[in-house]
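Since the structure of chain A is provided, determine the placement of chain B on it from the hints.
Read off the chains here:
Protein chains: 2
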Amino acid sequence: MNATDIKIKELARACKVASRATARLTTAQKNQALHEMAAALMANEKTIVSENAKDVKHARTKQLSSAMIDRLVLNHDRLTKMADALREIAMLPDPVGEISDIRTRPSEIQVGMMRIPLGVIAMIYESRPNVTSDAAGLCLKSGNAVLLRGGSEAFHSNTAITAALHQAMEKVGIPATAITLVPTTDRAIMNEMLTLDESIDLVIPRGGEGLIRFVVENSRIPVIKHYKGVCHQYVDKSANFDKAINLLVDGKTSRPGVCNALETLLVHKDIAAEFLPKAAEYMNKLDVELRGCEKTCKILPNIVRTTNDDYATEYLELIIAVRVVDDYEMAVSHIQEFGSDHTEVIVTEDLETAQKFLRDVNSSVVTVNASSRFSDGGELGLGAEIGISTTKLHAFGPMGLESLTTRKFIVVGKGEVRHPQSKVI
Amino acid sequence: MNATDIKIKELARACKVASRATARLTTAQKNQALHEMAAALMANEKTIVSENAKDVKHARTKQLSSAMIDRLVLNHDRLTKMADALREIAMLPDPVGEISDIRTRPSEIQVGMMRIPLGVIAMIYESRPNVTSDAAGLCLKSGNAVLLRGGSEAFHSNTAITAALHQAMEKVGIPATAITLVPTTDRAIMNEMLTLDESIDLVIPRGGEGLIRFVVENSRIPVIKHYKGVCHQYVDKSANFDKAINLLVDGKTSRPGVCNALETLLVHKDIAAEFLPKAAEYMNKLDVELRGCEKTCKILPNIVRTTNDDYATEYLELIIAVRVVDDYEMAVSHIQEFGSDHTEVIVTEDLETAQKFLRDVNSSVVTVNASSRFSDGGELGLGAEIGISTTKLHAFGPMGLESLTTRKFIVVGKGEVRHPQSKVI
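Residue numbers (our numbering), protein chains in the order written: chain A, 5 to 429; chain B, 5 to 429.
If we strip away everything but chain A, and leave its shape as in the complex, we get:
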């Protein structure tokens, strides 16, 4: 379809109308739809894989990196995982309709909060075609409609996946417009989409920092995003060294390319001379490059000196910045100055220091004696994750189903009026 023929405003409005239907679906209807969607993915395996092959071929012609091509490829195993993910979403509790905080007011009205869907979520993403079915499943389970805007490199794959999902929705009587793939990757159309605040309630961009900044700068609709994760581990003077080293190994090396990996190690000066050589030994064994502040370099003379740039960098590889701090307060200040509000770890055996760190550090996930790598929806108990937020508004940290909902006030009375003189009968 020609980009100029696409009426994004009308697509978004149709999605908004569909969201009124998805908001009223029962849990059983949504779960049935999710199982049908999983089955439809597998039933359409041949088409999806052959459409995906077009994208992969195109990516090779464009000489995209092998990592990007790997993320793009769909095969039987990956499609099975996508179907399984939909079935797992069906098993998660339905957040919609939950009533809480019921109280009776002096006016005698009863007030409570009921959890409801947000309405229409716009997902803007790159590369991985599994996001298409994952996001569709999470949005549907939380009663929302979704507007999917994938990357040009996965356009054929995303189109084929959406067509399969639509077959399932038709079977269970949910309007296909509740899962709408924007049928173009034209930038001007995306720009126009980002102004449609009457139809779209939330934008979630997932991809590189460039894409996310573009969305934030051009959106008139609320955006939930995170740019990067510069995660810290602070080893307090009362730390247990074995714990500190295990957590460092896990945080830095178990998957260095993800946002909850450690980028900076802060060490209390009282224990630095004893702790750092041990830490360096394990880091060396695992091929991790250390870069250190002046004091660190006095203890470990063979490493490169850090600059402030190092402290602000998300390396995403086997490098870690090390800084010796005078005390707890200096560790907290360092995190406030260079952190990205993502995830921070303290290693300490002192209860009061642990309590203070949990209170004083306002990143989205703060841990005591637990790896930064636990900063993940599944590990924290949210079930499947739609994204992660380092914006404090609405959702902060890993986002599960609940983050795709909000709460309205519900009031039940027996005819109460606010002003006594209004009681005319």
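One or more of the hints may lead you astray.
In this list, chains with the same sequence are indistinguishable; a pair is considered to hold if it fits within one copy or across any two.
Unchecked claim - Keeping only pairs whose Cα atoms sit at most 20 Å apart, straight-line, the calculated EDC-like set for lysine to aspartate or glutamate is:
hint: 1; residue 1: Lys299; residue 2: Asp331
hint: 2; residue 1: Lys58; residue 2: Asp98
hint: 3; residue 1: Lys289; residue 2: Glu278
hint: 4; residue 1: Lys427; residue 2: Glu353
hint: 5; residue 1: Lys13; residue 2: Glu202
hint: 6; residue 1: Lys412; residue 2: Glu389
hint: 7; residue 1: Lys58; residue 2: Asp190
hint: 8; residue 1: Lys11; residue 2: Asp190
I should point out that these hints are in silico values taken from the structure, not numbers from a laboratory. As the structure is a prediction and not an experimental result, all values here were calculated from the model.
Just chain B now, kept in the frame of chain A:
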């Protein structure tokens, strides 16, 4: 000060630094500060009232409406109310630090949620100078710093009020930058402020629809707002007429100029012929003009016909649109089409219809047999209100202290790693 000399970026950054201090204040410190702020307002009464007189004189010269001038005037009574409001905020429970949802995960880490301040709130408002102290008090109690940008018509008043608050803060050792008044009402400076998403966490505009739309269109920072309140009362076929009429009188006439006043009455066709003449009788007595759909006009032949424009209008005066609907579904559709997500009322004696309405209508406040006028922070039990949101993100409906906070994840472990092979010691 000359607008070009004002470095708004530096003001906002200083406010951000101060927010780290306010986030760590204890409840006792915050309450002490609020009481000192109340005392300082009264101690500076003479200065504040004489500075306010300059604004009022200027407003008269500019021939502002008498309603606007009335909102602007400060005197002993109004200053006393502002001080009392600060003391009431001191009495509200402190949301910061509350821990909830503690669970132990299969990995044995303990996960919980802790409530924390948002950081820096930018308040953009017009006219009423009491917003200066109200917003400062609410932001401080919730551990936030605040950047206040009032209207040019209240500039001298706001400056004098802020100076008084700063005296109080100095007494208790809170940095004055935690409550920063932007020392200009220049639009270009406000525009620049709206791009400072590294320093400001949330923008709350309060004022006319023009100001709010301007903020939404120009802000790179999340905005919580509401444009208008087109509130509906649906009188179901099973309604108790006495309740329906009392609620109509309260909703339409107790304070017609506010956003939770009723603008549209929907009546089930089965009872319209009996109910509408009664309702009209009471409305006539109270000088309310009725405008009706075709069916309404058959029952009440002397009233003006409505158009779709009427249904979308927030009259804010003694006018109400009336529409006869075929059934419950048509009432819900009407609200979805013309509503503003603010407040909707059903009058019904039928339990199942009441349950459906509470579930199906996703406005920020939905009531059964209770007046729309209860849609208010104080009446719903939130204490003082910082604003109202018809954006579903973050806060939806009247916003109290809790809406100025968010929740982070806290994790406590005993050295747990995510990947078993990371346990090197």
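Hints, verified against the model:
no.	hint	result
1	Lys299 x Asp331	within (14 Å within a copy, 76 Å between copies)
2	Lys58 x Asp98	neither (37 Å within a copy, 58 Å between copies)
3	Lys289 x Glu278	within (18 Å within a copy, 87 Å between copies)
4	Lys427 x Glu353	between (64 Å within a copy, 18 Å between copies)
5	Lys13 x Glu202	within (10 Å within a copy, 31 Å between copies)
6	Lys412 x Glu389	between (23 Å within a copy, 16 Å between copies)
7	Lys58 x Asp190	within (19 Å within a copy, 55 Å between copies)
8	Lys11 x Asp190	within (12 Å within a copy, 38 Å between copies)
Violated hints amount to a single one, hint 2; each of the other numbered hints is respected by the structure.
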